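K.L.:
Below are the chains, spelled out letter by letter.
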Amino acid sequence: RKEVEQDPGPFNVPEGATVAFNCTYSNSASQSFFWYRQDCRKEPKLLMSVYSSGNEDGRFTAQLNRASQYISLLIRDSKLSDSATYLCAVKGQDSNYQLIWGAGTKLIIKP
Amino acid sequence: DAGVTQSPTHLIKTRGQQVTLRCSPISGHKSVSWYQQVLGQGPQFIFQYYEKEERGRGNFPDRFSARQFPNYSSELNVNALLLGDSALYLCASSLRDRVDYGYTFGSGTRLTVV
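Protein sequences, first through last, are from chains A and B. Counting in the working numbering, the first sequence runs from 1 upward without gaps. Counting in the working numbering, the second sequence runs from 112 upward without gaps.
No lab work stands behind these hints, which were simulated from the structure alone. A couple of the hints might just be wrong.
[Claimed, not checked] Pairs of lysine-lysine residues, derived as DSSO-like cross-links and limited to a Cα-Cα distance of at most 30 Å, are as follows:
id	chain 1	residue 1	chain 2	residue 2
1	B	K163	A	K106
2	B	K163	A	K110
3	B	K141	B	K163
4	A	K2	A	K106
5	B	K141	A	K79
6	A	K79	A	K45
7	B	K124	A	K110
8	A	K79	A	K42
9	A	K79	B	K163
Quick caveat, the model's predicted, so the values are computed rather than measured.
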């Protein structure tokens, strides 16, 4: 079993819709969690950290479920420009400097 | 302010050759981390350097080595290149040796081994 797993997609979603995807992690001692966005052939860019109480940034909401060991990302009122691959990353308890990454979920927003 | 800069942006090498990739961190950042991202996968940790010392090494063969210079820039060297080394190599810098607040990546070096 991979340490961090994501549904590869693609998720094909009409513009304006709400979409959500999850990321599961295997190490219950994991501490910090992040969502990154990666455009085709570009570097990953930090979208948001995920806090225990959940957090929101505009149309984006991230949540952490420690009991079930997953994080989620919700995108409301999706835009064409949201089309990208969304990667989750996890910092384990025994490593202060390393992130463990999922393979990403591809999102395609259609007009 | 300049972000993380990497050079070269693209590189084509032949199997068996050696390659050196370069990274300049954000001004004031003392930590540099290297990741390899193969197409269709998430980044895989290679090395972290902080204050010119290696702080972490991922599960990569000894063909991979790195160093950090007094100005905190870094080089990643890969010897005896294999086709499987073809990937996007990402450099990230951070102020401290911890990654609690995530990374800022450079735009990467795309290495193709033929």
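K.L.:
All the hints need checking, so say for each whether the structure fits it.
P.N.:
The hints, checked one at a time:
Restraint check for K163(B) and K106(A): the C-alpha separation of about 37 Å exceeds 30 Å, so the hint is violated. For the suggested pair K163(B) and K110(A), the alpha carbons sit about 47 Å apart, so the restraint of at most 30 Å is broken. The hinted pair formed by K141(B) and K163(B) meets the criterion: a straight-line CA distance of about 8 Å does not exceed 30 Å. For the proposed pair K2(A) and K106(A), the alpha carbon gap of about 18 Å is at most 30 Å, so the pair holds.
Taken as a hint, the K141(B) and K79(A) pair is broken in the structure, with Cα atoms around 37 Å apart against an allowance of 30 Å. Proposed proximity of K79(A) and K45(A) is supported: the alpha carbons are some 18 Å apart, at most 30 Å. Annotation: proposed proximity of K124(B) to K110(A) is violated, straight-line Cα distance about 38 Å (limit 30 Å). For the hint linking K79(A) to K42(A), the alpha-carbon distance of about 19 Å falls within 30 Å, and the restraint holds.
For the hint linking K79(A) to K163(B), the alpha-carbon distance of about 43 Å lies beyond 30 Å, and the restraint is violated.
Checked against the numbered hints above, the structure violates hints 1, 2, 5, 7 and 9; every other hint is satisfied.
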